[in-house]
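Below are the chains, spelled out letter by letter.
2 protein chains.
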Amino acid sequence: MNEYQIEDEGCKEVIRGAHDAMDVLNGKWKIPIIAVLCFNKKRYSDILREVKGVSGKMLSRELKDMELNQLLKRTVLDTKPLTVQYELTEYGQKFKVVIEQLAIWGIEYRKEVTAK
Amino acid sequence: MNEYQIEDEGCKEVIRGAHDAMDVLNGKWKIPIIAVLCFNKKRYSDILREVKGVSGKMLSRELKDMELNQLLKRTVLDTKPLTVQYELTEYGQKFKVVIEQLAIWGIEYRKEVTAK
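So the protein lines, in turn, are chains A and B. Quick note, the first sequence lines up with residues 1 to 116 if you use this note's numbering. Quick note, the second sequence lines up with residues 1 to 116 if you use this note's numbering.
So that you can see chain A by itself, here it is in the shape it has in the complex:
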């Protein structure tokens, strides 16, 4: 057994857990969508504006997928015109700690890269 083969169970569990998470969060857009919904429920048009670069078609597909996976909840409000509103479910809310850590890393990474 060489040094590369030494892997404890905790390590494997982390790898598997991260894989599971990334399976649910596949694609380019789900993490940015959660980031945008982290602090507040939002209307479709707000999400479209705030998730930079996403197309309407792609956003609709992703939101549907995330609703099926119980990451977010869709509500149609009885306004004129109708308003469609999205918010994170309890599971989705729990992802906030990941987003926060990710953001801290992203901010630090930007600093390091722009300092060079």
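Any given hint might turn out to be false.
[Stated by the list, open to error] Below 30 Å or equal to it, Euclidean Cα-Cα: the simulated DSBU-like pairs (lysine-lysine) are:
no., chain 1, residue 1, chain 2, residue 2
1, B, K111, A, K96
2, B, K64, B, K41
3, B, K94, A, K111
4, A, K28, A, K52
Worth flagging that the hints you see were computed from the coordinates, not collected in a lab.
Starting from the known structure of chain A, fit chain B onto it as the hints suggest.
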């Protein structure tokens, strides 16, 4: 101003930081690759085996990309045959806290989904 427009600066910074992070970590494979390298340096063949579903071509491309973005370091060891070894840089290591939070979420998500 309605309730949807109320967003403080902290919120915007988190969204931007998460975006920055996801820009560097674009695609399906970089987060699983970091997860696999989190605990130890590894040989190319080990990474290929442990990152489930990745092709050799894709893995090489991703590793090169991550090396350019200073997330990992590549070392060629003078063995017979040559061994190529990858390890996380200091920045890459800092991503470990994100992976851990992601894994905790993934493990919990799996439990909730399989319990139903």
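Status of the hints after comparison with the structure:
Proximity of K111 of chain B to K96 of chain A is assessed by CA-CA distance (about 18 Å); at most 30 Å being required, the pair is judged to hold. Using a Cα cut-off of 30 Å, the hinted pair K64 of chain B and K41 of chain B holds, with the two alpha carbons roughly 16 Å apart. Using a Cα cut-off of 30 Å, the hinted pair K94 of chain B and K111 of chain A holds, with the two alpha carbons roughly 14 Å apart. Restraint check: the Cα-Cα separation between K28 of chain A and K52 of chain A comes to about 11 Å, which is no more than 30 Å; the hinted pair holds.
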